[in-house]
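Each chain is listed here by its residues.
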Amino acid sequence: MRIRVMLAAVGVAAMFGNGAAQAESPADLNDLQIAHVAYIADNIDIRYAHLALAISSNPAIHEFANTMIRDHTAVNEQALALLSKLKAEPQDNFLSQDLLKGADKLVDEMSQLRGAAFDKRYAENELAYHKAVNGLVANSFIPNIENAEVKALFKSGLKIFQAHERHAQMMVKKLK
Amino acid sequence: MKSTIQFPFEWFVIAAAVAVAISGGILFYPTPSSGQRQSVEHVVGITDFEFAPATLRVRIGDTVKWINRDLAPHTATAKDESWDTDRLDQGEALSVAVTRGMTTDYYCRFHPMMVAKLQITTVD
Ligand SMILES: [Cu+2]
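Protein chains in written order, with my numbering: chain A, 1 to 176; chain B, 1001 to 1124.
Worth flagging that the hints you see were computed from the coordinates, not collected in a lab.
It cannot be assumed that every hint is accurate.
[What the hints assert, rightly or not] Pairs of lysine to aspartate or glutamate, EDC-like flavour, derived with a Cα cap of 16 Å:
no. : chain 1 : residue 1 : chain 2 : residue 2
1   : A       : K155      : B       : D1048
2   : A       : K87       : A       : E77
3   : A       : K159      : B       : D1105
Starting from the given sequences, assemble the full structure and let the hints guide the process.
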């Protein structure tokens, strides 16, 4: 439900445009665009987790997926609360769109897999995905965020996603 | 200036009395002369995916209170799941009593790489 609502919101934003200057690189994004990317990135991981819960029968994968849903939901709730306090709307942008396209492709691909092949693919992708997002957050987002409260939220978010990266690393090793 | 030098001992007594009053029963307790010891409530903070302190010295009859200061929910769960705080959201806390023979190694069920332990001591 959450994902559908989010996708609908993205669609509406794309139709009406958002009036923001076109950004070309992640470092050019403004705070509201960065917030949008983070929200999309959170929801993508929640989407992968729901796929894992539906396909996998490995208890460790289920536990990991439930943790992804629980933690990313907690971050999103804080992000939405902060944005509403700041009376700000996240802005759609090229990076959010790229992430969504990548996720669509991967969900299609992973949906074809079953059993150990799925578990391995899911775990490896979780590791790669958290690594990529953490790099983006640490190197491109946190140094460029202007609002102090938004920056603080990203710093706590980064701690969580770094823990997920370690957790994913552990899972990849276990599945080998 | 001279007048302030006349009272240091009294100040010390007052400060010491206040310190004992504040800390007694929270983190420290005065060494009991009667041999009966008050139970202590210890606090383990959960911050940035770590239990602090990672090893906590406790005694039978004490309680341990876990406080989650992270945005992410956590648990403190015995390694064999014989006791469990269950889900603690940000700002939530739960106390567990220290009992004889209890499992002392614990972890977070949500983030299994988070591990810590209690160390039950019997010496004063
Ligand atoms: Cu945890």
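These are the hints, each one checked on the structure:
no.	hint	verdict
1	A:K155 x B:D1048	10 Å, holds
2	A:K87 x A:E77	15 Å, holds
3	A:K159 x B:D1105	24 Å, violated
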